[in-house]
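There are 2 protein chains.
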Amino acid sequence: MITPLTPLDWKRRATKLYPEQTAIIDGSMHLTYREFTERTWRLSHALRDLGMQAGDHIAVMLPNIHQMLECFYAIPQFGAVIVPINTRLNADEIAYIVEHSDAKIVIADREYAELFHDIKHRAPQLQLVIEVIHHESPDISVAFADREYETLLESASNTPFETVIDENQPLSINYTSGTTSRPKGVILTHRNNYINATDVLFHMRISHEDKYLHILPMFHANGWGSVWAYTAVGATHVCLRKIDADMILKIFASEKITISFGAPTVINMLLHAPQIELFHPVRAIRFATAGSPPPAAVIERSQRLLNMDITHVYGLTEVSPLISYCEWRSEFDTLDSTTIAAIKARQGVEMVHNGETKVVLPNGQEVEWNGRQIGEIATRGNVVMDSYYKQPEETAKAIRDGWFYTGDLAIVHPDGFIQIVDRAKDVIISGGENISSIEVEDVLYQHPAVLDAGVVAVPHEKWGEVPKAYIMLKAGQIVTQKELDDWCRERLAHFKTPKAYEFVTSLPRTSTGKLQKFKLRG
Amino acid sequence: MITPLTPLDWKRRATKLYPEQTAIIDGSMHLTYREFTERTWRLSHALRDLGMQAGDHIAVMLPNIHQMLECFYAIPQFGAVIVPINTRLNADEIAYIVEHSDAKIVIADREYAELFHDIKHRAPQLQLVIEVIHHESPDISVAFADREYETLLESASNTPFETVIDENQPLSINYTSGTTSRPKGVILTHRNNYINATDVLFHMRISHEDKYLHILPMFHANGWGSVWAYTAVGATHVCLRKIDADMILKIFASEKITISFGAPTVINMLLHAPQIELFHPVRAIRFATAGSPPPAAVIERSQRLLNMDITHVYGLTEVSPLISYCEWRSEFDTLDSTTIAAIKARQGVEMVHNGETKVVLPNGQEVEWNGRQIGEIATRGNVVMDSYYKQPEETAKAIRDGWFYTGDLAIVHPDGFIQIVDRAKDVIISGGENISSIEVEDVLYQHPAVLDAGVVAVPHEKWGEVPKAYIMLKAGQIVTQKELDDWCRERLAHFKTPKAYEFVTSLPRTSTGKLQKFKLRG
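Each protein sequence line maps, in turn, to chains A and B. According to numbering that gives the first Met the number 0, the first sequence is numbered sequentially starting from 0. According to numbering that gives the first Met the number 0, the second sequence is numbered sequentially starting from 0.
Here chain A stands alone, though its shape is the one from the complex (with noise of 0.2 Å):
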């Protein structure tokens, strides 16, 4: 018999065992599965009351907040498909997915009234907008919106909802973080978020008793399966409208977190909380991390002084996302705090729903696992996106036969795990050697002085590239350039050493911690 593989059974899994078991905590709102699948219900038939129907394309911009979750389930319910936006983007960037995507209908936060203030005229198939007021939404005056959430809520019906899903076909339209060009939409299907939760679920080892801190915004790429894995098992969703540390710190404590995802700058930032002193972990937190390696250092303070246990985990929103894990082997236990830490810095081997994933050469040849030879990551398998939408010359480009090429570079170490050594186009090519950004910007990085480090290439005369870093140092540190130059001196190739440095105040980097090296390079 064949069922479609679709994370929306599991709300009805939740629901039927877990009737009474809190779903969603936001704040001082609980919902039960049974309510938070009711309100489903009603959006559901709200929005086809709204002449919505299955194939239908709605965007949503809202933070970390429970309506969040419920358009993840309300949307596709009836076969139509959720477009999240990133709630960090500008009016252009918004009006650009909005079109692109022939969303038919947008719902969107109260707080970002004034990006949509006049949408319709940017996406003129646009023809409705709905705004949520969460109880944490700012108050602003601005009118931009058709219709209210929790108005249209309450006059729908509650009526169980049941459609018949395809698992081939689309559930999202996760927009790329487009650093260099406009960003395109990857197209997930139904069995894609399926089988990337399923790898959640089994290598984050999740359970019926987890409590997940919603950290990471679930516009990416749906939260790295997170809002369909702690469904599946009951568990409970604690939502966190905005990232602040100290909140964040407080929630751990007082939920009883047990389990979060977030980028590496969130832990750097838990780390530098004015309020880490108050904090006293009695319990472990499970914490995947992934978008740039997570420096060895983080990761040892963290486990120290957090009690977190950082999984580091490699994707990108083309393969749902997740394809590999940084798998712990009982004969790591007994090596020293630094190597630990830089093996947990690896994004490791693949999981085991998600495919093959292999790193390849120019010819296709995997490349030798000698942890040095560089080549391209590529993946193969159930995760891999539909394709990009409207954009078949783009697909054609990224999946070549049979294969999707990440556009990350890594060399293989001889027990098979993957280290990625930097985007294709981060590489910096000096006298004909290829320079590791990432080594670079890891050695600037252990220096006590230094906060946050890029390092991009700049045009030479006779080497035609050399590296110039980007440095943000510690509130109250002093360091001369001489000093870092040394420091690096030491500690790289001399060919690798940056040639130019420069102090600024703030680093560029997308929502997930990816530096934008784009806007450095300038």
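In short, the hints are calculated from the structure, not lab data. Hints are supplied without guarantee of correctness; some may be wrong.
Note that identical chains are pooled: a pair holds if it fits in a single copy or bridges any two copies.
As the list claims (entries may be wrong) - Capping the alpha-carbon separation at 20 Å, the derived lysine to aspartate or glutamate pairs in EDC-like fashion look like this:
1. K357 <-> D484
2. K241 <-> E254
3. K15 <-> E355
4. K255 <-> D332
5. K357 <-> E375
6. K518 <-> E254
7. K389 <-> D485
It should be emphasised that the depicted structure is a prediction, and the values quoted were computed from it without experimental measurement.
Guided by the hints, dock chain B onto chain A, whose structure is given.
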């Protein structure tokens, strides 16, 4: 991107990521994943050299030895179908299966020589018999085979083997034990096997550092998925040719076993092992059991004496085979040990991946969750078999309106946990009242002198049917019928107490521990 869901991909993963890890321990023989996979390639080539093609059926009758695991991968990896045969069947039953399954080749251990010596006369389509001589195979002079397994492998190519699989094509045909009629051939697809093993991986919390002892025969629904799940993570399969309680305890200790599956009768055997005094468990062994609900007392003692952490799972061959597990909830922790054991004896809740399971009345409505109303367990999802081989009318009887009907009668507790009260055909209807034979057996089990018990209906002039008990006493114990009758009357409604008792020296059980009640009914 859609790639086939097949457990075969997990061998690829293990061979890539854990090439030098021990895949199989079989006595003093150790095979790494590299060696194991090479042997499967050789076997695939050998079978193809013998004329076998994708779609062909190959029957295999082997104990839990490394060659059995090899067959499970080598046969499906070129698109053929494995037909595992229960090693406890007699020559007639075996011939029926070989003939009915249209097997072209049989692979059998030398131990079964006599059972196969005239198989070609009984199954005319059979082309070839391959003999496996395992290092523990008995020396038998009966010639029954055309070829010898190891010689075939030696002369075959060891080149890698990759074929195109459709996830919905048959992987195995598993014949049911057929307690009342001829065994039926259950067609399980690659996807069926994959999704079942996905549930096993998740719910049994399997990791790359597990060492699994194959107590449960692999021919039983492909070892409930164990032939696949441990490979998926690169864990170690430990073989066990023969079930012997002292030997199992010895291997538990010597091989540092972390997990095993087996019938409740095995647990009982271990608790009565002559050498149990010498067994000092240093680590917990996760143990999944199913077949018949383990008596509460057995669960309690196995935890205390053997440090076994028992999970009760439930299923049938037709559902690949697992559909529910008795989930442990922290609120159970503080209950007394008898209540805990009673909870552990429930079949529990549906797993995360298997689909939907419910208990329904004859009119199709779900029973009330009150722990009293009895209905039949029905299920739908990706673990439900494709069909019964060459028995469309039987398939249509079992799968109706998109649901597979298990024939098991159950109640649902208020918390949603399912508990089987009886097989539909084993219920005793006395004066219009339904009596669960299992309930009566459980009461008899609690009597200190009783080792095993079976209760069946016998005709009765006035009541239609009444219960009769077959009793096997513990060694050295004596008890009268009157004492047993008093024991039952104190604990059961009067109409449920057996109206006759018969003492026997053994009870007819299948290899999974199911009572063959039709034999008691005579």
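Results for each hint:
no.: 1; hint: K357 <-> D484; in the structure: neither (36 Å within a copy, 69 Å between copies)
no.: 2; hint: K241 <-> E254; in the structure: within (16 Å within a copy, 51 Å between copies)
no.: 3; hint: K15 <-> E355; in the structure: between (35 Å within a copy, 10 Å between copies)
no.: 4; hint: K255 <-> D332; in the structure: between (27 Å within a copy, 19 Å between copies)
no.: 5; hint: K357 <-> E375; in the structure: within (8 Å within a copy, 48 Å between copies)
no.: 6; hint: K518 <-> E254; in the structure: neither (39 Å within a copy, 57 Å between copies)
no.: 7; hint: K389 <-> D485; in the structure: neither (50 Å within a copy, 78 Å between copies)
The structure is inconsistent with the numbered hints 1, 6 and 7, although it conforms to all the rest.
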